[in-house]
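Whenever a hint applies, use it, and build me the whole structure from the sequences.
Number of protein chains: 2
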Amino acid sequence: MRTEVTLQGLQAALSPVRLARKSIGFVPTMGNLHQGHIALVREAKKYCDVVVVSIFVNPTQFGAGEDFEKYPRTLEADSQLLADAGCDMIFAPSVQQVYGNKPQLTTVQVDDIANDLCGKSRPGHFTGVATVVTKLFNMVQPNAAFFGEKDWQQLAVIRHLTTDLCFSIDIIGVPIVRDENGLALSSRNGYLSSEEKQTAIQIYQTLKMVEQDIKSGQTDLDAILQRGRDYLASKGFVVDYLEARTPDLKPVTDSQQDMVILAAAKLGSTRLIDNLHIKGIH
Amino acid sequence: MRTEVTLQGLQAALSPVRLARKSIGFVPTMGNLHQGHIALVREAKKYCDVVVVSIFVNPTQFGAGEDFEKYPRTLEADSQLLADAGCDMIFAPSVQQVYGNKPQLTTVQVDDIANDLCGKSRPGHFTGVATVVTKLFNMVQPNAAFFGEKDWQQLAVIRHLTTDLCFSIDIIGVPIVRDENGLALSSRNGYLSSEEKQTAIQIYQTLKMVEQDIKSGQTDLDAILQRGRDYLASKGFVVDYLEARTPDLKPVTDSQQDMVILAAAKLGSTRLIDNLHIKGIH
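Protein chains in written order, with the working numbering: chain D, 150 to 431; chain F, 150 to 431.
Simulated from the structure, these hints should not be mistaken for laboratory data. It is possible that part of the hints are untrue.
No copy is singled out in the list; a pair is fine if it fits within one copy or between any two copies.
Unchecked claim - Below, simulated DSS-like cross-link-like pairs (lysine-lysine); rule was C-alpha separation at most 25 Å, straight line:
1. 428 x 299
2. 299 x 384
3. 357 x 428
4. 415 x 269
5. 269 x 251
6. 428 x 251
7. 251 x 399
8. 194 x 299
Take a look at the structure:
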């Protein structure tokens, strides 16, 4: 496994891959890797000949007061995990490599779905994500790119921009990896105290409760979701949202249709997100 | 020369070109071609093995009340001109091919330089341009793309987005082609009456006057430009702007520096633009 830190190095390394007509699978990450990321790499290995993982903590997707500075940079441990998972190449550029010296004037904006849910409490976040993913897509020029379903809204934004901007890249969503208690793996779990970690599993519990209520035939979705919010608040969460959307993030009009329940809540200073896809009855 | 009207057709046609490691030069146009476009094709032929010209009247770069509907569609005449110029492939997609069936949520925005000059009087225009050029770049995946310097601001916007979004595409600006009277060739010249066409040459005359004033050592640039605006108005133009900028569209701080004089003015209902690059003394 090789590690490239410049665009020139990346392109030199990928050039023989392209000439050999091998397919390139791309897993963009911010590092501080866990088994959720590794599941993406394994999925990419199934689809593609060569797997490139980028490790780049992207400043433009962090808002003021968010954790850009303290976001863990753990390249050595990440490299070990990736080598074990069969990753072929790490691309770990500097901010200067990605954003250059001249002021950046260009942003990629995805309307509507980027302004809902997490977009409401994190203004500019998905513009930062969409812009850096567009840059990385153009740098790596992969055949397929792999994203975790934990960031369901991010995946929806990226699917949309890929189609809208006519990228010839397959976007593959990979199911959430959970720990033995059901907590969705996340780099931000590392910020939780052991007590908070115990509480954190209530997010998934709440999503399962909502699912059960829906599957038991209750039709008042607003009431179901409000009970879920109240439950989370009773456990000490500050709830940002608990909402139902169609898989492509449109409003749900029928309590028995295919839907995703999405949650974001703060525990202390740590913001956690999770979701559960509920297959519709009709 | 072949003509493709679908993305699938384009990609099938370009696939053997890429496999043969031939370079692809791309000339995006809205059709209704004239010798200014042909100069782009000839330049592309010099740089690249295969030249693709797109013909696509892009709805999203026309504002309300602009000439999208009446913009001339002249594919047959265009094809003849392009064949004669040595173009290898025309890509003439439908609006549906470029914008798809689903609502488009994604736009590419280039701040600052896109909000100046033409951007002021044509809100959203450069977002439409930047978005469609990003789409076309991803469809054609050229090695180099060729744009006329007549649309100096457009060229600056595209240079910026290409760098900012990390496209591996060389952007080549091609000098303005003028008729024997100095009128910059433009599809919109076709809207002018023969009398207006006589008047229209005064735009270039004005640019030359400004150049002469600067080269004669006059230093009050504001006064020089105001005389130019007054002159155009006296000839029957409604002046949108006559301004000086650095070549990358920053404010000019020294009347002897490298600069571009840019003009936009309406004659009747036809909006004309032109510019003149004045090489600085220091």
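What label fits residue 428 with residue 251 when the C-alpha limit is 25 Å: within, between, both, or neither? The answer is between: 23 Å across copies meets 25 Å, while 47 Å in one copy does not.
**Identical-chain pair category, residue 251 with residue 399, by Cα at 25 Å** = between (38 Å within a copy, 13 Å between copies)
query: Are the CA atoms of residue 357 and residue 428 at most 25 Å apart within a copy, between copies, both, or neither?
result: Within one copy, since 13 Å is at most 25 Å while 69 Å is not.
Up to 25 Å between alpha-carbons, please classify residue 415 paired with residue 269: within, between, both or neither. Result: close within a single copy only, 15 Å intra versus 43 Å inter.
*How would you classify residue 299 and residue 384 at a CA-CA limit of 25 Å: within, between, both, or neither?*
within (22 Å within a copy, 64 Å between copies)
My question is about residue 428 and residue 299: at a cut-off of 25 Å on alpha-carbon distance, are they close within one copy, between copies, both, or neither?
within (16 Å within a copy, 55 Å between copies)
Using 25 Å as the alpha-carbon threshold, which applies to residue 194 and residue 299: within, between, both, or neither? For residue 194 and residue 299, only the intra-copy Cα distance (20 Å) is at most 25 Å; the inter-copy one is 48 Å.
inquiry  = Regarding residue 269 and residue 251, is the shortest C-alpha distance of 25 Å or less found within a copy, between copies, in both, or in neither?
reply    = Between copies only: 23 Å across chains, 30 Å inside a chain, cut-off 25 Å.
When each numbered hint is compared with the structure, no violation occurs for any of them.
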